[in-house]
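The sequence shown runs contiguously to residue 592 in this note's numbering.
Just so you know, the hints here were simulated from the structure itself, not pulled from any lab data.
One or more hints might be untrue.
With a cut-off of at most 20 angstroms between alpha-carbon atoms, the simulated PhoX-like pairs for lysine-lysine come out as follows [to be verified]: (1) K72 to K222; (2) K191 to K222; (3) K72 to K134; (4) K398 to K540; (5) K398 to K446; (6) K42 to K199; (7) K543 to K373; (8) K540 to K373; (9) K373 to K544; (10) K374 to K543; (11) K147 to K279; (12) K42 to K31; (13) K112 to K92; (14) K374 to K398; (15) K543 to K398; (16) K72 to K31; (17) K404 to K191; (18) K302 to K314; (19) K89 to K112; (20) K117 to K92; (21) K199 to K147; (22) K142 to K74; (23) K446 to K373; (24) K279 to K325; (25) K446 to K540; (26) K31 to K199; (27) K117 to K89; (28) K325 to K302; (29) K72 to K133; (30) K314 to K325; (31) K109 to K92; (32) K373 to K398.
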Amino acid sequence: MDRIIKKFVLAFFISFLAFQASPDNWTLGVMEFSFKQTQTRSESSTKAASVLPQLIIEQFSNDDVRTIPAQESLDRKLKELQTARLSLFLQLSKECKARDALVLTTLNPRALQKALKSEQEKIADIERQIDENLEEVKKVKDESAPKIAREKAISEGKQVEDEKKDDRFFPFQLPFPFFHRNEKNQIVTETVVLYKSDSTALFKPSDTALESGFSSWDFEQEVTSAKINGLITGEITTYGDYCAVTAHLRIYPGGQILGSVTEVGLLSDLMPLANDIARNLDSKIANALPVLIEFNLEPHDVVETAKITIDGIVFALKKTDGTIDNRIIKDSGIHHISIEAAGYEPLSFTYAFSDENRFFVRAELVPQVHGVASIRLKKYRDGVFHTYGLLQSPVTEEQPVAKIEVNSKSVLGVFRVPKAHEDDSDSSNIAFFRIPQDKAFDGVNLVVNAKPFDRAANIDKRRRWMYTAYTALICSLPFTFYTLGQFTSENYAYSQGRGNYDDLLAYQRRSNICTGITAACGVWFAVELVRYLWAADRVLPATAKIDKKVPNFDVPPSLEDQTALDEHEEEAPASADSEEIEPEREKTIETEEITVQ
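Could you build the full structure based on these sequences and the hints that come with them?
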(Lines of atoms letter the chains of each structure in order from A and count residues from 1; the text may use other names and numbers.)
(Lines give C-alpha, C1' and ligand atoms only; values in the text may rest on other atoms or scores of the structure.)
Protein backbone atom coordinates (compact mmCIF):
# COMPACT_ATOMS: atom_id res chain seq x y z
CA MET A 1 0.00 0.00 0.00
CA ASP A 2 2.84 2.39 0.90
CA ARG A 3 4.49 1.73 -2.45
CA ILE A 4 1.27 2.58 -4.29
CA ILE A 5 0.92 5.85 -2.35
CA LYS A 6 4.55 6.77 -3.05
CA LYS A 7 4.11 6.09 -6.78
CA PHE A 8 0.95 8.20 -6.87
CA VAL A 9 2.64 11.13 -5.12
CA LEU A 10 5.67 10.86 -7.42
CA ALA A 11 3.49 10.82 -10.53
CA PHE A 12 1.50 13.78 -9.21
CA PHE A 13 4.54 15.98 -8.69
CA ILE A 14 6.16 14.94 -11.96
CA SER A 15 3.03 15.96 -13.85
CA PHE A 16 2.89 19.19 -11.84
CA LEU A 17 6.48 20.09 -12.69
CA ALA A 18 5.94 19.17 -16.32
CA PHE A 19 2.89 21.43 -16.44
CA GLN A 20 4.76 24.34 -14.89
CA ALA A 21 7.83 23.87 -17.10
CA SER A 22 5.96 23.97 -20.40
CA PRO A 23 4.27 27.38 -20.75
CA ASP A 24 2.48 28.36 -23.96
CA ASN A 25 4.46 30.32 -26.53
CA TRP A 26 3.36 33.28 -28.62
CA THR A 27 5.24 33.16 -31.93
CA LEU A 28 6.34 36.44 -33.50
CA GLY A 29 7.27 36.46 -37.17
CA VAL A 30 8.29 39.03 -39.74
CA MET A 31 8.20 39.09 -43.51
CA GLU A 32 10.14 41.03 -46.10
CA PHE A 33 8.99 44.65 -46.38
CA SER A 34 7.65 46.01 -49.66
CA PHE A 35 8.39 49.26 -51.50
CA LYS A 36 5.50 51.62 -52.20
CA GLN A 37 7.21 53.15 -55.25
CA THR A 38 7.83 51.29 -58.47
CA GLN A 39 11.27 52.38 -59.66
CA THR A 40 14.78 51.14 -60.25
CA ARG A 41 16.75 50.83 -57.02
CA SER A 42 20.32 50.14 -56.08
CA GLU A 43 21.30 46.76 -54.67
CA SER A 44 21.78 48.21 -51.17
CA SER A 45 18.29 49.76 -51.21
CA THR A 46 16.75 46.47 -52.32
CA LYS A 47 18.50 44.57 -49.51
CA ALA A 48 17.05 46.99 -46.97
CA ALA A 49 13.63 45.36 -47.47
CA SER A 50 14.95 42.09 -45.99
CA VAL A 51 17.69 43.36 -43.65
CA LEU A 52 15.51 45.89 -41.81
CA PRO A 53 12.86 43.31 -40.72
CA GLN A 54 15.64 41.07 -39.41
CA LEU A 55 17.13 43.94 -37.39
CA ILE A 56 13.69 44.79 -35.97
CA ILE A 57 12.80 41.28 -34.83
CA GLU A 58 16.29 40.82 -33.40
CA GLN A 59 15.32 43.30 -30.67
CA PHE A 60 12.70 40.83 -29.36
CA SER A 61 15.05 37.95 -28.64
CA ASN A 62 14.81 38.22 -24.84
CA ASP A 63 11.74 36.04 -24.12
CA ASP A 64 9.27 38.83 -23.48
CA VAL A 65 5.87 37.97 -22.01
CA ARG A 66 2.60 38.87 -23.72
CA THR A 67 -0.75 39.23 -21.98
CA ILE A 68 -3.35 37.67 -24.25
CA PRO A 69 -6.47 39.90 -24.59
CA ALA A 70 -9.95 38.43 -24.58
CA GLN A 71 -10.56 39.25 -28.26
CA GLU A 72 -7.43 37.40 -29.33
CA SER A 73 -8.37 34.38 -27.22
CA LEU A 74 -11.84 34.45 -28.77
CA ASP A 75 -10.40 34.62 -32.30
CA ARG A 76 -8.22 31.60 -31.58
CA LYS A 77 -11.15 29.56 -30.25
CA LEU A 78 -13.32 30.55 -33.22
CA LYS A 79 -10.49 29.57 -35.59
CA GLU A 80 -10.18 26.17 -33.92
CA LEU A 81 -13.93 25.63 -34.10
CA GLN A 82 -13.98 26.75 -37.73
CA THR A 83 -11.21 24.30 -38.63
CA ALA A 84 -13.06 21.50 -36.85
CA ARG A 85 -16.31 22.50 -38.56
CA LEU A 86 -14.72 22.41 -42.02
CA SER A 87 -13.29 18.99 -41.26
CA LEU A 88 -16.71 17.75 -40.15
CA PHE A 89 -18.34 19.16 -43.28
CA LEU A 90 -15.86 17.32 -45.49
CA GLN A 91 -16.65 14.12 -43.60
CA LEU A 92 -20.36 14.83 -44.04
CA SER A 93 -19.88 15.31 -47.79
CA LYS A 94 -17.97 12.05 -48.00
CA GLU A 95 -20.59 10.08 -46.10
CA CYS A 96 -23.45 11.58 -48.14
CA LYS A 97 -21.72 10.59 -51.37
CA ALA A 98 -21.10 7.12 -49.98
CA ARG A 99 -24.78 6.82 -49.04
CA ASP A 100 -25.94 7.88 -52.50
CA ALA A 101 -23.53 5.43 -54.13
CA LEU A 102 -25.10 2.53 -52.24
CA VAL A 103 -28.20 2.74 -54.43
CA LEU A 104 -26.12 1.93 -57.50
CA THR A 105 -23.69 -0.57 -55.97
CA THR A 106 -25.94 -2.63 -53.67
CA LEU A 107 -28.48 -4.85 -55.44
CA ASN A 108 -29.85 -6.76 -52.44
CA PRO A 109 -32.75 -4.77 -50.92
CA ARG A 110 -32.13 -5.99 -47.37
CA ALA A 111 -28.38 -5.32 -47.60
CA LEU A 112 -29.16 -1.92 -49.11
CA GLN A 113 -31.52 -1.07 -46.29
CA LYS A 114 -28.94 -2.13 -43.69
CA ALA A 115 -26.14 -0.17 -45.38
CA LEU A 116 -28.32 2.91 -45.73
CA LYS A 117 -29.19 2.73 -42.04
CA SER A 118 -25.49 2.50 -41.07
CA GLU A 119 -24.55 5.44 -43.29
CA GLN A 120 -27.48 7.47 -42.00
CA GLU A 121 -26.27 6.93 -38.42
CA LYS A 122 -22.81 8.18 -39.39
CA ILE A 123 -24.34 11.20 -41.11
CA ALA A 124 -26.54 11.91 -38.08
CA ASP A 125 -23.50 11.70 -35.76
CA ILE A 126 -21.55 14.18 -37.93
CA GLU A 127 -24.54 16.52 -38.08
CA ARG A 128 -24.79 16.34 -34.30
CA GLN A 129 -21.11 17.29 -33.97
CA ILE A 130 -21.63 20.22 -36.35
CA ASP A 131 -24.61 21.41 -34.27
CA GLU A 132 -22.51 21.11 -31.09
CA ASN A 133 -19.74 23.07 -32.80
CA LEU A 134 -22.14 25.87 -33.70
CA GLU A 135 -23.52 25.89 -30.16
CA GLU A 136 -19.95 26.12 -28.84
CA VAL A 137 -19.33 29.12 -31.12
CA LYS A 138 -22.32 30.90 -29.62
CA LYS A 139 -21.27 29.92 -26.10
CA VAL A 140 -17.67 31.21 -26.35
CA LYS A 141 -18.89 34.46 -27.89
CA ASP A 142 -21.34 35.01 -25.02
CA GLU A 143 -18.68 34.14 -22.41
CA SER A 144 -16.07 36.44 -23.97
CA ALA A 145 -18.35 39.42 -24.55
CA PRO A 146 -18.25 40.82 -20.96
CA LYS A 147 -14.48 40.54 -20.75
CA ILE A 148 -14.00 42.11 -24.20
CA ALA A 149 -16.28 44.98 -23.21
CA ARG A 150 -14.41 45.40 -19.93
CA GLU A 151 -10.98 45.53 -21.62
CA LYS A 152 -12.35 48.02 -24.16
CA ALA A 153 -13.66 50.25 -21.35
CA ILE A 154 -10.30 50.12 -19.56
CA SER A 155 -8.44 51.03 -22.76
CA GLU A 156 -10.77 54.01 -23.20
CA GLY A 157 -10.03 55.22 -19.67
CA LYS A 158 -13.44 54.41 -18.24
CA GLN A 159 -13.72 53.32 -14.62
CA VAL A 160 -14.86 49.73 -14.22
CA GLU A 161 -15.52 47.55 -11.21
CA ASP A 162 -12.75 45.22 -10.09
CA GLU A 163 -13.17 41.59 -11.05
CA LYS A 164 -13.68 39.09 -8.29
CA LYS A 165 -10.60 37.02 -7.81
CA ASP A 166 -10.78 33.29 -8.46
CA ASP A 167 -11.22 30.97 -5.53
CA ARG A 168 -9.08 27.88 -5.49
CA PHE A 169 -8.69 25.01 -3.11
CA PHE A 170 -4.96 25.70 -3.01
CA PRO A 171 -2.97 29.00 -2.93
CA PHE A 172 -1.20 28.01 -6.16
CA GLN A 173 -2.39 26.76 -9.53
CA LEU A 174 -2.52 22.99 -9.87
CA PRO A 175 -2.22 21.26 -13.26
CA PHE A 176 -5.47 19.35 -13.00
CA PRO A 177 -8.76 21.07 -13.89
CA PHE A 178 -10.78 19.35 -11.17
CA PHE A 179 -8.84 21.35 -8.56
CA HIS A 180 -10.02 24.65 -10.10
CA ARG A 181 -13.25 26.32 -9.09
CA ASN A 182 -13.42 29.22 -11.53
CA GLU A 183 -10.75 30.35 -13.97
CA LYS A 184 -12.81 32.09 -16.66
CA ASN A 185 -11.39 35.49 -15.66
CA GLN A 186 -7.81 34.31 -15.28
CA ILE A 187 -5.20 36.49 -17.01
CA VAL A 188 -3.43 34.47 -19.70
CA THR A 189 0.22 35.18 -20.46
CA GLU A 190 2.47 33.57 -23.03
CA THR A 191 6.19 33.75 -23.70
CA VAL A 192 7.13 35.58 -26.90
CA VAL A 193 9.35 33.43 -29.13
CA LEU A 194 10.69 34.11 -32.61
CA TYR A 195 9.53 32.33 -35.76
CA LYS A 196 11.73 29.23 -36.13
CA SER A 197 13.66 30.56 -33.08
CA ASP A 198 15.81 32.51 -35.52
CA SER A 199 15.90 36.30 -35.96
CA THR A 200 17.12 35.90 -39.56
CA ALA A 201 14.19 33.68 -40.60
CA LEU A 202 11.60 35.56 -42.66
CA PHE A 203 8.08 34.30 -43.24
CA LYS A 204 7.55 33.81 -46.99
CA PRO A 205 3.90 33.50 -48.07
CA SER A 206 2.89 32.32 -51.51
CA ASP A 207 2.21 34.77 -54.34
CA THR A 208 -1.47 33.81 -54.28
CA ALA A 209 -1.76 34.68 -50.59
CA LEU A 210 0.04 38.00 -51.13
CA GLU A 211 -2.29 38.95 -53.96
CA SER A 212 -5.31 38.11 -51.78
CA GLY A 213 -4.18 40.51 -49.05
CA PHE A 214 -3.15 40.25 -45.41
CA SER A 215 -6.74 39.85 -44.18
CA SER A 216 -7.69 37.19 -46.70
CA TRP A 217 -8.52 33.62 -45.79
CA ASP A 218 -5.64 32.24 -47.91
CA PHE A 219 -3.06 34.45 -46.21
CA GLU A 220 -4.45 33.69 -42.75
CA GLN A 221 -4.30 29.96 -43.44
CA GLU A 222 -0.62 30.13 -44.36
CA VAL A 223 0.21 32.22 -41.29
CA THR A 224 -1.68 29.97 -38.87
CA SER A 225 -0.22 26.87 -40.53
CA ALA A 226 3.22 28.28 -39.73
CA LYS A 227 1.98 28.67 -36.10
CA ILE A 228 2.61 32.43 -36.16
CA ASN A 229 0.51 34.50 -33.76
CA GLY A 230 1.92 37.94 -34.56
CA LEU A 231 3.34 39.05 -37.91
CA ILE A 232 5.24 42.28 -38.58
CA THR A 233 4.71 43.68 -42.08
CA GLY A 234 5.91 46.97 -43.53
CA GLU A 235 6.20 49.36 -46.43
CA ILE A 236 9.21 51.49 -47.40
CA THR A 237 9.12 54.84 -49.21
CA THR A 238 12.46 56.20 -50.43
CA TYR A 239 13.61 59.64 -51.56
CA GLY A 240 17.32 59.91 -52.23
CA ASP A 241 19.32 58.59 -49.28
CA TYR A 242 16.33 58.79 -46.91
CA CYS A 243 13.45 56.43 -46.32
CA ALA A 244 10.17 56.37 -44.41
CA VAL A 245 9.26 52.97 -42.97
CA THR A 246 5.75 52.07 -41.79
CA ALA A 247 5.59 48.81 -39.81
CA HIS A 248 2.37 47.04 -38.80
CA LEU A 249 1.87 44.38 -36.14
CA ARG A 250 -0.88 42.01 -37.29
CA ILE A 251 -2.49 39.43 -35.01
CA TYR A 252 -3.60 36.05 -36.38
CA PRO A 253 -6.09 34.57 -36.67
CA GLY A 254 -8.03 37.62 -37.78
CA GLY A 255 -5.32 39.72 -39.43
CA GLN A 256 -6.20 42.70 -37.24
CA ILE A 257 -3.59 45.49 -37.10
CA LEU A 258 -2.74 45.83 -33.41
CA GLY A 259 -0.27 48.69 -33.84
CA SER A 260 1.55 50.74 -36.46
CA VAL A 261 4.60 52.95 -36.36
CA THR A 262 6.28 55.19 -38.95
CA GLU A 263 9.94 56.22 -38.70
CA VAL A 264 12.26 58.18 -41.01
CA GLY A 265 15.98 57.54 -41.35
CA LEU A 266 18.95 56.90 -43.60
CA LEU A 267 19.07 53.89 -45.91
CA SER A 268 22.78 53.61 -45.13
CA ASP A 269 22.17 53.32 -41.36
CA LEU A 270 19.21 51.01 -40.62
CA MET A 271 20.03 50.20 -36.98
CA PRO A 272 18.52 53.39 -35.47
CA LEU A 273 15.39 52.80 -37.56
CA ALA A 274 15.12 49.22 -36.29
CA ASN A 275 15.61 50.28 -32.66
CA ASP A 276 12.94 52.99 -32.85
CA ILE A 277 10.40 50.73 -34.56
CA ALA A 278 11.02 47.87 -32.12
CA ARG A 279 10.72 50.21 -29.13
CA ASN A 280 7.34 51.49 -30.32
CA LEU A 281 6.02 48.01 -31.10
CA ASP A 282 7.27 46.48 -27.85
CA SER A 283 4.31 47.69 -25.76
CA LYS A 284 1.90 46.40 -28.42
CA ILE A 285 3.55 42.99 -28.43
CA ALA A 286 3.56 42.80 -24.62
CA ASN A 287 -0.07 44.06 -24.67
CA ALA A 288 0.46 45.99 -21.46
CA LEU A 289 -3.08 46.62 -20.28
CA PRO A 290 -3.70 50.17 -19.01
CA VAL A 291 -3.82 50.77 -15.27
CA LEU A 292 -5.42 53.61 -13.35
CA ILE A 293 -3.08 55.35 -10.89
CA GLU A 294 -4.81 57.60 -8.36
CA PHE A 295 -2.67 60.06 -6.37
CA ASN A 296 -3.43 61.30 -2.87
CA LEU A 297 -0.96 64.04 -1.90
CA GLU A 298 -0.49 65.50 1.56
CA PRO A 299 -0.73 68.29 2.55
CA HIS A 300 -3.76 68.75 0.31
CA ASP A 301 -2.91 72.33 -0.69
CA VAL A 302 0.02 71.08 -2.83
CA VAL A 303 -2.35 69.47 -5.33
CA GLU A 304 -2.81 72.70 -7.28
CA THR A 305 0.92 73.20 -7.87
CA ALA A 306 2.12 69.58 -7.88
CA LYS A 307 3.68 68.12 -11.00
CA ILE A 308 3.90 64.36 -11.46
CA THR A 309 6.48 62.98 -13.86
CA ILE A 310 6.04 59.41 -15.09
CA ASP A 311 8.88 58.07 -17.23
CA GLY A 312 9.84 61.61 -18.26
CA ILE A 313 6.30 62.73 -19.13
CA VAL A 314 4.94 65.55 -16.93
CA PHE A 315 1.33 65.51 -15.71
CA ALA A 316 -0.41 68.34 -13.83
CA LEU A 317 -3.23 67.42 -11.46
CA LYS A 318 -4.84 70.84 -11.97
CA LYS A 319 -6.43 71.08 -15.39
CA THR A 320 -6.77 74.18 -17.56
CA ASP A 321 -10.40 74.63 -16.53
CA GLY A 322 -9.42 74.78 -12.85
CA THR A 323 -10.64 71.31 -11.90
CA ILE A 324 -8.50 68.76 -10.07
CA ASP A 325 -8.08 65.28 -11.53
CA ASN A 326 -5.78 63.05 -9.51
CA ARG A 327 -6.11 60.03 -11.79
CA ILE A 328 -3.61 59.10 -14.51
CA ILE A 329 -3.90 56.18 -16.94
CA LYS A 330 -0.70 54.39 -18.00
CA ASP A 331 0.21 51.02 -19.47
CA SER A 332 0.95 48.35 -16.90
CA GLY A 333 4.61 47.68 -16.23
CA ILE A 334 7.53 49.24 -14.38
CA HIS A 335 7.30 53.04 -14.13
CA HIS A 336 9.50 55.67 -12.50
CA ILE A 337 7.41 58.36 -10.79
CA SER A 338 8.58 61.74 -9.47
CA ILE A 339 6.38 64.15 -7.51
CA GLU A 340 7.36 67.82 -7.24
CA ALA A 341 5.67 70.83 -5.67
CA ALA A 342 6.90 74.36 -4.99
CA GLY A 343 8.39 74.66 -1.51
CA TYR A 344 8.54 70.89 -0.89
CA GLU A 345 11.19 68.23 -1.27
CA PRO A 346 10.71 66.11 -4.42
CA LEU A 347 9.79 62.45 -4.08
CA SER A 348 10.64 59.68 -6.53
CA PHE A 349 10.23 55.92 -6.65
CA THR A 350 10.02 53.03 -9.11
CA TYR A 351 7.28 50.41 -8.92
CA ALA A 352 5.91 47.54 -11.05
CA PHE A 353 2.28 48.38 -11.77
CA SER A 354 0.93 44.96 -12.74
CA ASP A 355 -1.57 42.23 -11.78
CA GLU A 356 -4.19 44.88 -10.89
CA ASN A 357 -5.95 47.57 -12.91
CA ARG A 358 -6.11 50.24 -10.20
CA PHE A 359 -3.45 51.60 -7.85
CA PHE A 360 -3.50 54.25 -5.10
CA VAL A 361 -0.35 56.30 -4.46
CA ARG A 362 -0.28 58.21 -1.17
CA ALA A 363 2.62 60.64 -0.86
CA GLU A 364 3.44 62.92 2.06
CA LEU A 365 5.58 65.85 0.90
CA VAL A 366 8.04 67.39 3.34
CA PRO A 367 8.69 71.17 3.28
CA GLN A 368 12.11 72.17 1.99
CA VAL A 369 14.60 73.16 4.70
CA HIS A 370 17.74 75.09 3.77
CA GLY A 371 20.53 76.12 6.07
CA VAL A 372 24.28 76.51 6.44
CA ALA A 373 26.55 74.24 8.49
CA SER A 374 30.10 75.07 9.61
CA ILE A 375 32.68 72.30 9.28
CA ARG A 376 36.39 72.06 10.00
CA LEU A 377 39.08 69.39 9.88
CA LYS A 378 40.19 67.70 13.07
CA LYS A 379 43.77 68.19 11.85
CA TYR A 380 44.03 71.36 9.75
CA ARG A 381 45.16 71.25 6.09
CA ASP A 382 44.66 73.63 3.19
CA GLY A 383 42.03 72.26 0.85
CA VAL A 384 38.50 72.54 -0.49
CA PHE A 385 35.24 70.93 0.67
CA HIS A 386 33.07 69.78 -2.27
CA THR A 387 29.37 68.95 -1.82
CA TYR A 388 26.43 68.29 -4.17
CA GLY A 389 28.81 67.88 -7.11
CA LEU A 390 29.31 71.61 -7.83
CA LEU A 391 29.33 73.52 -4.54
CA GLN A 392 32.74 74.09 -2.98
CA SER A 393 34.07 75.85 0.09
CA PRO A 394 37.86 76.33 0.58
CA VAL A 395 39.62 76.30 3.95
CA THR A 396 42.77 78.32 4.60
CA GLU A 397 44.89 79.16 7.59
CA GLU A 398 43.00 82.49 7.90
CA GLN A 399 39.60 80.78 7.43
CA PRO A 400 39.87 77.17 8.72
CA VAL A 401 36.08 76.72 8.89
CA ALA A 402 34.08 75.99 5.72
CA LYS A 403 30.43 76.76 5.12
CA ILE A 404 28.26 73.99 3.61
CA GLU A 405 24.63 74.13 2.57
CA VAL A 406 22.41 71.56 4.31
CA ASN A 407 18.75 70.63 3.93
CA SER A 408 18.07 68.11 6.72
CA LYS A 409 19.31 65.24 4.52
CA SER A 410 22.49 63.23 4.62
CA VAL A 411 25.38 64.92 2.84
CA LEU A 412 28.14 63.01 1.07
CA GLY A 413 31.08 65.22 0.14
CA VAL A 414 34.76 65.26 -0.75
CA PHE A 415 37.69 67.12 0.81
CA ARG A 416 40.40 67.78 -1.78
CA VAL A 417 43.99 68.99 -1.39
CA PRO A 418 46.58 69.83 -4.09
CA LYS A 419 48.52 66.86 -5.49
CA ALA A 420 52.03 66.41 -4.11
CA HIS A 421 53.29 65.22 -7.52
CA GLU A 422 51.77 65.56 -10.97
CA ASP A 423 51.96 61.81 -11.65
CA ASP A 424 49.98 60.92 -8.50
CA SER A 425 46.69 59.14 -9.00
CA ASP A 426 43.44 61.10 -9.02
CA SER A 427 42.38 59.51 -5.71
CA SER A 428 45.60 60.35 -3.85
CA ASN A 429 44.48 63.86 -2.84
CA ILE A 430 40.84 63.33 -1.80
CA ALA A 431 38.96 62.08 1.24
CA PHE A 432 35.22 61.38 1.39
CA PHE A 433 33.18 62.57 4.34
CA ARG A 434 29.56 62.22 5.40
CA ILE A 435 27.23 64.42 7.40
CA PRO A 436 24.44 62.26 8.93
CA GLN A 437 20.86 63.36 8.52
CA ASP A 438 20.44 64.10 12.23
CA LYS A 439 23.37 66.57 12.10
CA ALA A 440 22.51 68.32 8.82
CA PHE A 441 20.58 71.32 10.18
CA ASP A 442 21.06 75.09 10.04
CA GLY A 443 23.74 76.59 12.29
CA VAL A 444 25.45 73.35 13.28
CA ASN A 445 29.23 73.30 13.89
CA LEU A 446 30.90 70.08 12.80
CA VAL A 447 34.35 68.51 12.86
CA VAL A 448 35.51 65.69 10.62
CA ASN A 449 38.67 63.58 10.57
CA ALA A 450 39.16 63.52 6.77
CA LYS A 451 42.66 62.50 5.67
CA PRO A 452 43.42 62.68 1.94
CA PHE A 453 45.80 59.96 0.73
CA ASP A 454 45.91 57.23 -1.89
CA ARG A 455 43.75 54.59 -0.26
CA ALA A 456 44.06 52.15 -3.16
CA ALA A 457 47.88 52.22 -2.94
CA ASN A 458 47.72 51.87 0.84
CA ILE A 459 45.41 48.84 0.58
CA ASP A 460 47.70 47.27 -2.01
CA LYS A 461 50.73 47.86 0.22
CA ARG A 462 49.07 46.36 3.29
CA ARG A 463 47.84 43.41 1.22
CA ARG A 464 51.38 42.62 0.04
CA TRP A 465 52.67 42.74 3.62
CA MET A 466 49.84 40.49 4.78
CA TYR A 467 50.61 37.93 2.05
CA THR A 468 54.32 38.06 2.95
CA ALA A 469 53.55 37.35 6.60
CA TYR A 470 51.15 34.56 5.63
CA THR A 471 53.80 33.01 3.33
CA ALA A 472 56.38 33.11 6.13
CA LEU A 473 53.91 31.45 8.50
CA ILE A 474 53.10 28.64 6.05
CA CYS A 475 56.76 28.06 5.18
CA SER A 476 57.72 27.77 8.87
CA LEU A 477 55.13 25.10 9.63
CA PRO A 478 56.95 22.11 7.96
CA PHE A 479 60.13 22.76 9.95
CA THR A 480 58.14 23.14 13.15
CA PHE A 481 56.22 19.92 12.57
CA TYR A 482 59.39 18.04 11.65
CA THR A 483 61.47 19.17 14.62
CA LEU A 484 58.55 18.70 17.02
CA GLY A 485 58.03 15.17 15.71
CA GLN A 486 61.73 14.37 16.05
CA PHE A 487 61.75 15.69 19.62
CA THR A 488 58.65 13.68 20.52
CA SER A 489 60.14 10.52 19.04
CA GLU A 490 63.50 11.02 20.77
CA ASN A 491 61.78 11.82 24.07
CA TYR A 492 59.78 8.57 23.87
CA ALA A 493 62.92 6.58 23.04
CA TYR A 494 64.80 8.13 25.96
CA SER A 495 61.93 7.30 28.32
CA GLN A 496 62.30 3.64 27.22
CA GLY A 497 66.04 3.73 27.94
CA ARG A 498 67.13 3.63 24.31
CA GLY A 499 67.94 7.31 23.67
CA ASN A 500 70.82 9.71 24.33
CA TYR A 501 70.29 12.69 26.64
CA ASP A 502 72.47 15.08 24.62
CA ASP A 503 70.57 14.24 21.42
CA LEU A 504 67.28 14.81 23.24
CA LEU A 505 68.39 18.29 24.35
CA ALA A 506 69.48 19.13 20.79
CA TYR A 507 66.08 18.11 19.36
CA GLN A 508 64.28 20.06 22.07
CA ARG A 509 66.32 23.17 21.29
CA ARG A 510 65.55 22.91 17.55
CA SER A 511 61.88 22.31 18.24
CA ASN A 512 61.65 25.34 20.51
CA ILE A 513 63.41 27.55 17.96
CA CYS A 514 61.12 26.48 15.10
CA THR A 515 58.01 26.78 17.29
CA GLY A 516 59.10 30.28 18.32
CA ILE A 517 59.63 31.28 14.70
CA THR A 518 56.17 29.93 13.75
CA ALA A 519 54.57 31.77 16.67
CA ALA A 520 56.33 35.00 15.67
CA CYS A 521 55.15 34.56 12.06
CA GLY A 522 51.62 33.93 13.34
CA VAL A 523 51.67 37.14 15.36
CA TRP A 524 53.14 38.99 12.41
CA PHE A 525 50.38 37.68 10.14
CA ALA A 526 47.68 38.65 12.66
CA VAL A 527 49.08 42.19 12.91
CA GLU A 528 49.29 42.56 9.13
CA LEU A 529 45.75 41.21 8.75
CA VAL A 530 44.45 43.83 11.19
CA ARG A 531 46.40 46.55 9.39
CA TYR A 532 44.99 45.38 6.03
CA LEU A 533 41.43 45.41 7.35
CA TRP A 534 42.05 48.85 8.85
CA ALA A 535 43.30 50.13 5.46
CA ALA A 536 40.28 48.64 3.67
CA ASP A 537 37.93 50.17 6.23
CA ARG A 538 39.39 53.64 5.72
CA VAL A 539 37.84 53.69 2.24
CA LEU A 540 34.50 54.47 3.93
CA PRO A 541 33.60 58.15 4.31
CA ALA A 542 34.63 59.84 7.56
CA THR A 543 31.57 60.75 9.63
CA ALA A 544 31.22 64.36 10.78
CA LYS A 545 30.54 64.93 14.50
CA ILE A 546 29.34 67.84 16.60
CA ASP A 547 32.23 70.25 17.32
CA LYS A 548 32.16 70.67 21.11
CA LYS A 549 35.04 73.16 21.05
CA VAL A 550 32.80 75.84 19.57
CA PRO A 551 31.13 77.83 22.42
CA ASN A 552 27.49 78.93 22.62
CA PHE A 553 26.33 76.18 20.32
CA ASP A 554 22.67 75.27 20.63
CA VAL A 555 22.13 71.57 20.06
CA PRO A 556 18.57 70.48 19.19
CA PRO A 557 16.95 68.38 21.95
CA SER A 558 16.95 65.29 19.74
CA LEU A 559 20.76 65.46 19.52
CA GLU A 560 21.69 66.10 23.17
CA ASP A 561 22.15 62.41 23.98
CA GLN A 562 23.95 61.71 20.73
CA THR A 563 26.46 64.54 21.16
CA ALA A 564 27.20 63.33 24.68
CA LEU A 565 28.09 59.94 23.26
CA ASP A 566 30.25 61.51 20.56
CA GLU A 567 32.42 63.14 23.23
CA HIS A 568 33.47 59.76 24.61
CA GLU A 569 33.87 57.96 21.28
CA GLU A 570 37.39 56.70 20.65
CA GLU A 571 39.06 56.96 17.28
CA ALA A 572 38.08 53.85 15.29
CA PRO A 573 37.59 52.99 11.65
CA ALA A 574 34.19 53.73 10.24
CA SER A 575 31.88 50.73 10.33
CA ALA A 576 30.32 49.23 7.26
CA ASP A 577 26.98 50.66 8.35
CA SER A 578 28.29 54.20 8.03
CA GLU A 579 28.66 53.78 4.30
CA GLU A 580 24.94 53.51 3.81
CA ILE A 581 23.23 56.80 3.17
CA GLU A 582 19.81 57.14 4.76
CA PRO A 583 17.10 56.91 2.11
CA GLU A 584 15.42 60.16 1.21
CA ARG A 585 12.00 58.71 1.87
CA GLU A 586 10.66 55.55 3.41
CA LYS A 587 8.57 53.70 0.84
CA THR A 588 5.98 51.11 1.81
CA ILE A 589 4.46 48.99 -0.94
CA GLU A 590 1.14 47.27 -0.35
CA THR A 591 -0.97 45.09 -2.59
CA GLU A 592 -2.81 47.85 -4.44
CA GLU A 593 -1.73 50.90 -2.46
CA ILE A 594 1.63 52.64 -2.54
CA THR A 595 2.50 54.86 0.41
CA VAL A 596 5.46 57.22 0.07
CA GLN A 597 6.46 58.99 3.27
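- Identify every previously stated hint that the structure contradicts and give their numbers, smallest first. Structure breaks hints 16, 17, 21.
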